[in-house]
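These protein sequence lines are chains A and B, in that order.
When you line the first sequence up against my numbering, it's residues 76 to 250, in that order.
When you line the second sequence up against my numbering, it's residues 31 to 578, in that order.
To be clear, the hints were calculated from the coordinates, so they are not data collected in a lab.
In this text the structure is predicted, and so the values were computed from the model without any measurement.
Watch out, some of these pointers could steer you wrong.
When the alpha-carbon atoms are kept at most 25 Å apart in a straight line, the in silico SDA-like pairs for lysine to any residue are as follows [unchecked claim]:
no., chain 1, residue 1, chain 2, residue 2
1, A, Lys-120, B, Ser-522
2, A, Lys-197, A, Lys-124
3, A, Lys-197, B, Ala-80
4, A, Lys-120, B, Lys-343
5, A, Lys-120, B, Glu-250
6, A, Lys-120, B, Ser-518
7, A, Lys-124, B, Gly-360
8, A, Lys-120, B, Ala-80
9, B, Lys-66, B, Glu-98
10, A, Lys-120, B, Ser-520
11, B, Lys-66, A, Ile-144
12, B, Lys-315, B, Thr-254
13, B, Lys-232, B, Ile-221
14, A, Lys-124, B, Trp-443
15, A, Lys-87, B, Trp-497
16, A, Lys-197, A, Ile-144
17, A, Lys-129, A, Glu-83
18, A, Lys-124, A, Glu-160
19, A, Lys-197, A, Lys-129
20, A, Lys-129, B, Pro-446
21, A, Lys-124, B, Gly-447
22, A, Lys-129, B, Arg-73
23, B, Lys-315, B, Leu-391
24, A, Lys-120, B, Arg-73
25, A, Lys-124, B, Pro-524
26, A, Lys-87, B, Leu-528
27, A, Lys-124, B, Leu-444
28, A, Lys-120, B, Leu-391
29, A, Lys-87, B, Gln-84
30, B, Lys-66, A, Arg-238
31, A, Lys-197, B, Leu-528
32, B, Lys-461, B, Val-436
33, A, Lys-124, B, Val-445
34, A, Lys-87, B, Glu-98
35, B, Lys-343, B, Gly-306
36, A, Lys-124, B, Leu-528
37, B, Lys-66, A, Thr-224
38, B, Lys-66, B, Ala-95
39, A, Lys-120, B, Gly-447
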Amino acid sequence: MARNAAFEILYKDYYVRVFGLCRRLLNSSELAEDAAQETFMRAYKNLRKYDIDKPFWQWIASIANNYCIDLLRQQTRTDALFGDEATELEQLAAADTPMLSDLIAVEEADSLNGAVANLSAKYRVPLVLAYFNQFRYNEIAEQLNISRTHVGVLLLRAKQRLRADLINEGAEGVQ
Amino acid sequence: MTHLTQLQLSMHADNALSADEAIAVTEHVDSCAICKSRLAAVRDEVRFIASALQLEAPEAALEVAVPEFSRPMSLRGFALANLGTGLVIWLAQFLWKTLFGELIVNAADWATSLYLPDIYAMTSAAALYLLEEGTTMFEAYLGFVIASLFTAALLWFLLMHRKTRATMGVCLLMVTVGTIVAPAPANSLEIRRDKNMVTIAKSETVDDTLLVAAETVLVEGVITGDLVAVGRSIDISGTVEGNVFAFAESVTVRGKVGGLVLGAASSYDLRGATVGGDLWIAGEKLSIDSEARVGGNVTVGTRTVSIEGFVAKDLYAFAETVELRGVLGGDLEAFAERVRLLGDAHVGGNVRFRSGNEDRLHRAETVRIDGDVEFLDMPEGFEERNRYATVEFYLWQVARLIGAFVVGLAFLWLVPGYRFVSIGAGVDALKTAGIGFLIMVSVPILAVLVALSLVGLPLSFIAIVAWLLSLYLAKTVVGAVVGRMILSESDSLPLTLLVGLTVVIVAVNLPFIGGIINFVLTIVGLGLLVQYLFGILRARDSSDWTPA
Chain A
76 MARNAAFEIL YKDYYVRVFG LCRRLLNSSE LAEDAAQETF MRAYKNLRKY
126 DIDKPFWQWI ASIANNYCID LLRQQTRTDA LFGDEATELE QLAAADTPML
176 SDLIAVEEAD SLNGAVANLS AKYRVPLVLA YFNQFRYNEI AEQLNISRTH
226 VGVLLLRAKQ RLRADLINEG AEGVQ
Chain B
31 MTHLTQLQLS MHADNALSAD EAIAVTEHVD SCAICKSRLA AVRDEVRFIA
81 SALQLEAPEA ALEVAVPEFS RPMSLRGFAL ANLGTGLVIW LAQFLWKTLF
131 GELIVNAADW ATSLYLPDIY AMTSAAALYL LEEGTTMFEA YLGFVIASLF
181 TAALLWFLLM HRKTRATMGV CLLMVTVGTI VAPAPANSLE IRRDKNMVTI
231 AKSETVDDTL LVAAETVLVE GVITGDLVAV GRSIDISGTV EGNVFAFAES
281 VTVRGKVGGL VLGAASSYDL RGATVGGDLW IAGEKLSIDS EARVGGNVTV
331 GTRTVSIEGF VAKDLYAFAE TVELRGVLGG DLEAFAERVR LLGDAHVGGN
381 VRFRSGNEDR LHRAETVRID GDVEFLDMPE GFEERNRYAT VEFYLWQVAR
431 LIGAFVVGLA FLWLVPGYRF VSIGAGVDAL KTAGIGFLIM VSVPILAVLV
481 ALSLVGLPLS FIAIVAWLLS LYLAKTVVGA VVGRMILSES DSLPLTLLVG
531 LTVVIVAVNL PFIGGIINFV LTIVGLGLLV QYLFGILRAR DSSDWTPA
């Protein structure tokens, strides 16, 4: 049917992006492959719920997010995958750590990506959604079922972790 | 003064603060150099992270092989596959077994019901011509029909499941196995044809079903299977152990027939014949002489019916004149101008005469009728009664609603695309109705034309079945559309379908205008069905040309 043909095209166009997103979120190529398949499977079954006026990427990305986040929640076996807002706020480091952009050059994006991969899901997921997916805080908050400020705190913590990670790496490199 | 917190800076850099907060932050930043530089640094960092994340993505993408998308093996696909396979196997078996028996007979029977002058001469001439010109035609007949059916079925599967090779493989396997396992036709077939005359001599025994066509057919010997005969004049004085299907200008049966006799002729005579089964005759004149016996019922649609012999069961006669002098074991039911019961006629059951005029039944003094004599109004009489006043009417409508609901639900589940068709407005609606009207009128005409070629009989049979199915489904599809119009917010398929069908069934039963509504809804529904079908095909064709 027409639906099948159209879907085939969408699949070819978006597979790589969906796969990339899943890999970021899950930190594993193998898991990401399954997740991408599952995402398209779900999209196929629910294609009639897709609102044609909205970008397809946004719709399929949210399916992928939902699936990956569910998967991560199952792995941690706890509902509080993203921690408690107040606790996270307390754990914010002091203000004077150097900025990432000062620590490494753009050419060294690899080491940053390595550091992103080392982040726990708690920080990695919002970071990917915000800066890779370019989702707004509201959208992330809705997707993760947490408050907007909580998203802000998690992102800030994520950035601090990345900085700390890169500083350590730099120190090891010097030794 | 207090500087902005890290969180404020970070969220502001991401444009995530509320409007009030953002204004306050902006005001502070404008007057505080420290916070201004911090904010700039945070913004740089965010840009850096975003570009780093994006930078890595294409590299990783290069390594990603896009696997084939495996469509979910849904219950629906499975059901469709099974349904399709079952249908193909059934059709193949059905054709093998009944092609030469029932299909030809039914079509000829139907044709004779048209009462065209000389239709028998015409059809027998046409059949003779075909048999003479195309020796190989009948031999290739079965092969052709089955091959085209298979092709059609495969095409259908390709259209439905273009990518699921597994499903197709399973189906092919099942069809092959089914065809091999399916029992071959019980009787083999013998075909005899000749321009002038075919004779089965007295000494001859045919151990098969015999298909025979000639100007004159004489059966004096024994046929153990069925006899299918077409010609100008057919005379059966021997024995046919199976059924007799005979179509000619004149058919005379003098011998013994084990099964039923079915056929059409200008004149059909049973002279001293013994028929074990029923008699189904259409034509001009049927006469059963005083020596003839029929073991079953007699159903006859001819101008005149004359029975002097013995009929074991009932007689249903649709005729101008019915004359009975013989013995009838069961009831006599006549839709006729005149019924004459003469001489020593004896009716074992009741006489029901569908006429308001009692004078049209002539009954001699000596005639015996064991049951009652009833005069019933012609069917039009029933229409004049108020049908809305009967309980049966409402029960029937509820049954109809339930039937349409179940069928509709199954249909929309199997072909979910129909859930979203819409009639459109103005010209679109007219176009839909126009297409529906064309289909409604043209399919039967085309089917008749194809059927007349005899070779196309199975095709026209399939077309008519599809046409009847579509007529039934048309109103269901319209019901679904109407339901969605009424309950535009509802997402529930059963609910919208039920509401829509209820509205449709009430509408088509409205007094005076119900008939017109019924007609309009049917053609609109047909139009939708057909448009959607072709919409699919078009979309498919164009999508093939889209570069992936």
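> Which of the numbered hints are not met once you compare them with the structure shown?
Replying inline: 2, 4, 5, 7, 8, 9, 11, 12, 15, 18, 19, 22, 24, 26, 28, 31, 32 and 38
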